[in-house]
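Residue numbers (the numbering used here), protein chains in the order written: chain A, 12 to 552; chain B, 12 to 552.
No lab work stands behind these hints: they were computed from the structure. Worth double-checking, as some hints may not be accurate.
Chain copies aren't distinguished; within one or between two, either way the pair holds.
[What the hints assert, rightly or not] Straight-line distance between alpha carbons at most 27 Å, and here's what the computed DSSO-like set of lysine-lysine pairs gives: (1) Lys71 with Lys239; (2) Lys394 with Lys484; (3) Lys239 with Lys56; (4) Lys239 with Lys184; (5) Lys79 with Lys31; (6) Lys239 with Lys79; (7) Lys56 with Lys31; (8) Lys325 with Lys244; (9) Lys251 with Lys547; (10) Lys56 with Lys184; (11) Lys184 with Lys244; (12) Lys71 with Lys251; (13) Lys358 with Lys305; (14) Lys55 with Lys79; (15) Lys244 with Lys71; (16) Lys547 with Lys358; (17) Lys55 with Lys31; (18) Lys71 with Lys394; (19) Lys244 with Lys55; (20) Lys31 with Lys337; (21) Lys31 with Lys547.
2 protein chains.
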Amino acid sequence: MKPAEKIPKKMSGISEPWIKTISLSPPSLQDNTADADRIINALKKELHTDAIHTEFSLLKQLPDILRKWNYHVRCILVPSRGQWLLTGIAHAEDRKPFMGLAVDLGTTRVVLRLADISTGRILGESAFDNPQISVGPDILARIHYADTEEGLATVNRLIIDGLNREIVALCGKIRIPGPLQKADAEKGISPQDIYLISVAGNTAMTHLFMGLNPRWIIREPYIPVVNKPGVVKAEELGIKAANPLCRILVFPNVGSYFGGDLIAGILFSGMNTAEDTAILVDVGTNAEVVLGNKNWLIACAGAAGPALEGGVTKMGMMAGPGVIDKIAIDPDTHEFDIRTIGNMPPKGICGSGLIDLAAHLFLSGMLDIRGRLLPSVCGHRLKEKDNIRYLTVVPENNSAAGEELIISQTDIDSLIRSKAAMYTILETITASVGMSLSELSRFYVAGTFGSFISPRSAISIGMIPDLPPDCYKPLGNSSLGGATLALTSPECIAEIDRIRERITYLELNVNQDFMNRFSAAKFLPHTNPSLFPSVKIRAEN
Amino acid sequence: MKPAEKIPKKMSGISEPWIKTISLSPPSLQDNTADADRIINALKKELHTDAIHTEFSLLKQLPDILRKWNYHVRCILVPSRGQWLLTGIAHAEDRKPFMGLAVDLGTTRVVLRLADISTGRILGESAFDNPQISVGPDILARIHYADTEEGLATVNRLIIDGLNREIVALCGKIRIPGPLQKADAEKGISPQDIYLISVAGNTAMTHLFMGLNPRWIIREPYIPVVNKPGVVKAEELGIKAANPLCRILVFPNVGSYFGGDLIAGILFSGMNTAEDTAILVDVGTNAEVVLGNKNWLIACAGAAGPALEGGVTKMGMMAGPGVIDKIAIDPDTHEFDIRTIGNMPPKGICGSGLIDLAAHLFLSGMLDIRGRLLPSVCGHRLKEKDNIRYLTVVPENNSAAGEELIISQTDIDSLIRSKAAMYTILETITASVGMSLSELSRFYVAGTFGSFISPRSAISIGMIPDLPPDCYKPLGNSSLGGATLALTSPECIAEIDRIRERITYLELNVNQDFMNRFSAAKFLPHTNPSLFPSVKIRAEN
Numbered sequence: 012m013k014p015a016e017k018i019p020k021k022m023s024g025i026s027e028p029w030i031k032t033i034s035l036s037p038p039s040l041q042d043n044t045a046d047a048d049r050i051i052n053a054l055k056k057e058l059h060t061d062a063i064h065t066e067f068s069l070l071k072q073l074p075d076i077l078r079k080w081n082y083h084v085r086c087i088l089v090p091s092r093g094q095w096l097l098t099g100i101a102h103a104e105d106r107k108p109f110m111g112l113a114v115d116l117g118t119t120r121v122v123l124r125l126a127d128i129s130t131g132r133i134l135g136e137s138a139f140d141n142p143q144i145s146v147g148p149d150i151l152a153r154i155h156y157a158d159t160e161e162g163l164a165t166v167n168r169l170i171i172d173g174l175n176r177e178i179v180a181l182c183g184k185i186r187i188p189g190p191l192q193k194a195d196a197e198k199g200i201s202p203q204d205i206y207l208i209s210v211a212g213n214t215a216m217t218h219l220f221m222g223l224n225p226r227w228i229i230r231e232p233y234i235p236v237v238n239k240p241g242v243v244k245a246e247e248l249g250i251k252a253a254n255p256l257c258r259i260l261v262f263p264n265v266g267s268y269f270g271g272d273l274i275a276g277i278l279f280s281g282m283n284t285a286e287d288t289a290i291l292v293d294v295g296t297n298a299e300v301v302l303g304n305k306n307w308l309i310a311c312a313g314a315a316g317p318a319l320e321g322g323v324t325k326m327g328m329m330a331g332p333g334v335i336d337k338i339a340i341d342p343d344t345h346e347f348d349i350r351t352i353g354n355m356p357p358k359g360i361c362g363s364g365l366i367d368l369a370a371h372l373f374l375s376g377m378l379d380i381r382g383r384l385l386p387s388v389c390g391h392r393l394k395e396k397d398n399i400r401y402l403t404v405v406p407e408n409n410s411a412a413g414e415e416l417i418i419s420q421t422d423i424d425s426l427i428r429s430k431a432a433m434y435t436i437l438e439t440i441t442a443s444v445g446m447s448l449s450e451l452s453r454f455y456v457a458g459t460f461g462s463f464i465s466p467r468s469a470i471s472i473g474m475i476p477d478l479p480p481d482c483y484k485p486l487g488n489s490s491l492g493g494a495t496l497a498l499t500s501p502e503c504i505a506e507i508d509r510i511r512e513r514i515t516y517l518e519l520n521v522n523q524d525f526m527n528r529f530s531a532a533k534f535l536p537h538t539n540p541s542l543f544p545s546v547k548i549r550a551e552n
Numbered sequence: 012m013k014p015a016e017k018i019p020k021k022m023s024g025i026s027e028p029w030i031k032t033i034s035l036s037p038p039s040l041q042d043n044t045a046d047a048d049r050i051i052n053a054l055k056k057e058l059h060t061d062a063i064h065t066e067f068s069l070l071k072q073l074p075d076i077l078r079k080w081n082y083h084v085r086c087i088l089v090p091s092r093g094q095w096l097l098t099g100i101a102h103a104e105d106r107k108p109f110m111g112l113a114v115d116l117g118t119t120r121v122v123l124r125l126a127d128i129s130t131g132r133i134l135g136e137s138a139f140d141n142p143q144i145s146v147g148p149d150i151l152a153r154i155h156y157a158d159t160e161e162g163l164a165t166v167n168r169l170i171i172d173g174l175n176r177e178i179v180a181l182c183g184k185i186r187i188p189g190p191l192q193k194a195d196a197e198k199g200i201s202p203q204d205i206y207l208i209s210v211a212g213n214t215a216m217t218h219l220f221m222g223l224n225p226r227w228i229i230r231e232p233y234i235p236v237v238n239k240p241g242v243v244k245a246e247e248l249g250i251k252a253a254n255p256l257c258r259i260l261v262f263p264n265v266g267s268y269f270g271g272d273l274i275a276g277i278l279f280s281g282m283n284t285a286e287d288t289a290i291l292v293d294v295g296t297n298a299e300v301v302l303g304n305k306n307w308l309i310a311c312a313g314a315a316g317p318a319l320e321g322g323v324t325k326m327g328m329m330a331g332p333g334v335i336d337k338i339a340i341d342p343d344t345h346e347f348d349i350r351t352i353g354n355m356p357p358k359g360i361c362g363s364g365l366i367d368l369a370a371h372l373f374l375s376g377m378l379d380i381r382g383r384l385l386p387s388v389c390g391h392r393l394k395e396k397d398n399i400r401y402l403t404v405v406p407e408n409n410s411a412a413g414e415e416l417i418i419s420q421t422d423i424d425s426l427i428r429s430k431a432a433m434y435t436i437l438e439t440i441t442a443s444v445g446m447s448l449s450e451l452s453r454f455y456v457a458g459t460f461g462s463f464i465s466p467r468s469a470i471s472i473g474m475i476p477d478l479p480p481d482c483y484k485p486l487g488n489s490s491l492g493g494a495t496l497a498l499t500s501p502e503c504i505a506e507i508d509r510i511r512e513r514i515t516y517l518e519l520n521v522n523q524d525f526m527n528r529f530s531a532a533k534f535l536p537h538t539n540p541s542l543f544p545s546v547k548i549r550a551e552n
């Protein structure tokens with residue numbers, strides 16, 4: 012979703028789910044109900060529930076507000092512990108937006124999306140590097156850093172301060188367009204108008220965000236402090252760039268290794284409401300996989316290795332200008348057709364480029380089914396150094412740094428182990444419910460990285476199953492997508508807990524069965540080529 | 012109730028209603044539920060409800076606490092918005108009390124009672140003058156003072172600071188006796204161990220306590236800010252002398268003129284659960300009356316005048332050492348038998364003494380049925396000054412100040428108007444449901460003042476109906492009693508709201524009917540003496 016798009020309303024039956032405009036009958040000697048009870052009683056009727064309460068600190072302003080606006084008001088109610096909390100009141104005619112903020116709390120990057128809860132309109136997005144990188148690049152380093160009280164406070168403060176700064180900056184950039192009077196057409200917005208924030212992240216990141224010590228997450232038997240944090244006051248978490256009564260919904264986790272980001276992803280994919288069985292994969296160093304439909308969900312996570320993200324090869328790097336993200340090899344001439352981001356001289360390769368490279372090397376016969384570089388086919392591009400073969404992908408005169416870009420046999424072996432691990436995980440989870448991968452109706456790929464992978468190439472190397480092309484659905488930032496959905500309706504919030512409750516976590520036992528599958532998957536595309544009928548290899552090796 | 016008594020458990024089915032000791036199964040690879048969810052799930056089973064949540068800030072300590080105490084803990088849960096909040100955890104064997112505090116928030120005097128919620132034992136009581144007296148002696152003056160923002164803040168701060176000080180002082184005085192190990196037998200307690208506070212007061216006092224502007228309470232149509240404040244975080248109200256997670260239950264009101272103190276009184280009397288119809292009267296300047304049984308409750312309030320509290324006569328004063336609280340007059344000799352508090356030389360008369368005086372003046376024939384002092388009977392005690400008759404109650408040589416204590420005809424007229432108003436209110440509310448006063452099974456008198464009135468004397472002057480002596484039940488500080496009950500069980504808290512919902516408020520219309528009743532009641536004991544068969548007058552006037 013891009014700014015100015017609307018939040019999809021597929022799960023929301025009402026147009027302004029958290030907002031109600033009501034006209035109260037003014038008090039009289041015959042009806043001397045107190046101000047707070049008057050408004051709550053009206054909202055109870057409107058929302059058909061008794062579980063409505065006023066935030067206490069709102070009471071102080073209530074008598075003046077109601078009298079000033081003649082008992083004609085627009086209310087915002089936020090969900091809290093299965094109840095509704097009245098946290099904001101505006102004049103019925105005031106079109107000032109009640110805003111919601113969705114946050115994808117990534118280990119590396121944090122993405123914010125601001126939406127007008129009243130209309131569902133997306134107002135803006137921004138992103139920043141997770142400032143916790145300064146104390147540790149990866150989750151493990153940060154958890155160790157947070158082991159002491161001061162360490163935890165530091166790591167927590169980094170993300171909280173970063174969010175506060177970014178929210179202020181994001182609000183500052185936004186001018187509200189739309190159905191306002193002309194005079195008001197360009198109106199700034201304030202963090203004070205944010206009443207609901209939804210945060211999706213992995214278990215460790217959400218713990219650090221909440222200031223909870225993640226120490227036991229990485230120690231057997233791997234216990235988080237909390238599975239279902241629910242809704243917390245923004246103030247209590249130190250989020251000051253929001254209304255003082257703003258609530259934060261923190262996505263629940265299934266355990267230390269299956270976080271709220273994935274639950275958000277499931278919500279965003281919609282697989283939890285579908286009749287047919289689908290699979291959702293978050294490709295990365297740790298592959299997280301969910302299989303299921305509207306009746307059941309089964310999940311597992313396993314190490315696929317950093318090779319899939321391009322993190323192993325010497326020339327591997329994160330996507331960015333000058334980075335190779337697509338490669339094709341002419342099967343006849345073996346000429347390389349290289350595309351870089353921004354069409355700049357190549358300086359490295361990212362994960363999707365690497366998968367393309369491996370796929371085309373294989374399809375053109377330069378790699379055999381065991382993934383070995385074949386000198387007879389590779390020709391002048393193949394060299395050897397210290398007994399290790401390597402292939403020149405970009406010769407030095409074409410590269411950005413004036414240095415040739417190469418891929419070694421070791422790199423390729425590592426990639427193959429990773430793709431084999433990924434396929435084995437997919438096969439194992441599917442087999443655990445007595446299905447085969449070919450029976451899947453949808454293959455969702457979560458994460459930005461997933462959006463760039465060519466399914467065709469990933470199939471060619473046997474990393475993902477050989478399903479018809481339209482089965483593959485890259486979801487983009489599904490964590491942010493799910494967090495955004497959580498701002499749209501009570502049904503969505505209830506569905507988050509339902510998803511969590513329905514997930515059965517499958518512990519991947521690395522037993523003989525798993526190892527047999529893994530060995531079979533270490534071939535290109537697989538020991539059993541009938542599993543990949545669409546993969547046509549140029550040369551029989 | 013006095014210190015070291017136990018909270019009556021009549022409404023509580025369980026011995027430790029808010030406290031649960033649980034042994035959790037420690038986490039394992041097979042059961043990796045998070046710490047918070049593990050304890051909450053166990054409590055859900057124990058309490059047979061899903062409406063249990065952890066206070067967020069408790070999460071931070073949870074992992075260490077659970078591991079240190081080997082998953083064997085004692086939990087305190089406080090009620091909040093119809094749900095349970097886990098707010099405190101102690102080691103299962105630690106007998107440190109989880110405490111509750113009941114507060115009677117009087118306009119003049121504030122009374123505190125501390126109880127061990129675990130055992131129901133009352134640990135101590137204390138009282139202090141409501142410090143708001145410094146800005147205004149009565150409710151009206153304080154409401155006017157609170158009209159500005161600073162004024163409200165000042166009045167609010169006075170009571171909050173006063174409570175914080177008094178709680179610390181009360182805790183400091185208490186040493187816990189009881190079923191502890193000998194070494195621990197004398198252990199101090201800390202305000203930090205207070206987890207639940209219940210506050211009962213009139214509508215204006217509870218508003219000022221909560222920092223809510225009571226401006227509209229005294230202006231037509233007399234609207235409070237809130238009828239059902241429910242449960243608020245102590246911290247949010249500025250109560251620091253308590254656990255940071257302590258909750259405060261503020262008794263609800265029925266309207267501006269029927270406050271939480273009376274709802275507490277109803278709860279304490281038990282009339283809300285009785286088969287037979289009873290009446291509850293809070294005697295004072297404003298007489299508040301409730302009539303009803305387990306099926307219905309009807310309430311009204313009306314001005315009875317300050318005369319009943321001894322506030323009109325020159326010699327009237329509040330009860331204290333040297334104040335006359337009992338008088339008998341020998342019907343033959345007309346000698347006065349005067350009793351003062353502490354048996355000290357008399358310096359004035361309090362409300363109960365005044366009622367005794369009027370009753371005996373009447374019974375001995377010194378007052379006629381119209382309440383006129385009769386010179387022929389009063390003899391040398393009667394004098395006249397500025398055309399107003401007055402009677403010497405205590406001659407100057409017997410009084411504390413060396414000045415005679417007198418009561419004038421004007422004082423007596425005023426008392427008679429007050430008692431007539433009181434009787435008329437009682438008659439009107441009873442008639443409104445088609446009953447007569449003689450049908451009442453119980454006559455509860457609320458408030459400390461009520462405890463000192465001699466029912467016999469009050470009947471003699473026709474202030475209260477002529478019921479058999481054992482129908483009269485002085486309740487003492489029923490507001491404090493009800494607030495204490497609220498600490499004992501969830502059923503009591505639910506009952507508070509049920510009482511409030513069941514009360515029908517009867518607006519006393521001062522119409523011809525009321526005026527006729529009032530005129531008839533201005534005689535001693537009444538125009539219709541058959542209503543007071545037990546009142547035997549010495550001399551027929």
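Here is what the structure says about each hint:
no.	hint	result
1	Lys71 with Lys239	between (32 Å within a copy, 14 Å between copies)
2	Lys394 with Lys484	neither (39 Å within a copy, 106 Å between copies)
3	Lys239 with Lys56	between (30 Å within a copy, 17 Å between copies)
4	Lys239 with Lys184	neither (34 Å within a copy, 42 Å between copies)
5	Lys79 with Lys31	within (18 Å within a copy, 48 Å between copies)
6	Lys239 with Lys79	between (41 Å within a copy, 23 Å between copies)
7	Lys56 with Lys31	within (11 Å within a copy, 36 Å between copies)
8	Lys325 with Lys244	neither (46 Å within a copy, 57 Å between copies)
9	Lys251 with Lys547	neither (58 Å within a copy, 75 Å between copies)
10	Lys56 with Lys184	neither (39 Å within a copy, 50 Å between copies)
11	Lys184 with Lys244	within (26 Å within a copy, 37 Å between copies)
12	Lys71 with Lys251	both (21 Å within a copy, 20 Å between copies)
13	Lys358 with Lys305	neither (45 Å within a copy, 84 Å between copies)
14	Lys55 with Lys79	within (23 Å within a copy, 45 Å between copies)
15	Lys244 with Lys71	both (19 Å within a copy, 15 Å between copies)
16	Lys547 with Lys358	neither (31 Å within a copy, 115 Å between copies)
17	Lys55 with Lys31	within (11 Å within a copy, 33 Å between copies)
18	Lys71 with Lys394	neither (78 Å within a copy, 57 Å between copies)
19	Lys244 with Lys55	both (23 Å within a copy, 23 Å between copies)
20	Lys31 with Lys337	neither (50 Å within a copy, 62 Å between copies)
21	Lys31 with Lys547	neither (59 Å within a copy, 67 Å between copies)
In the structure shown, a violation is registered for the earlier hints numbered 2, 4, 8, 9, 10, 13, 16, 18, 20, 21, in ascending order.
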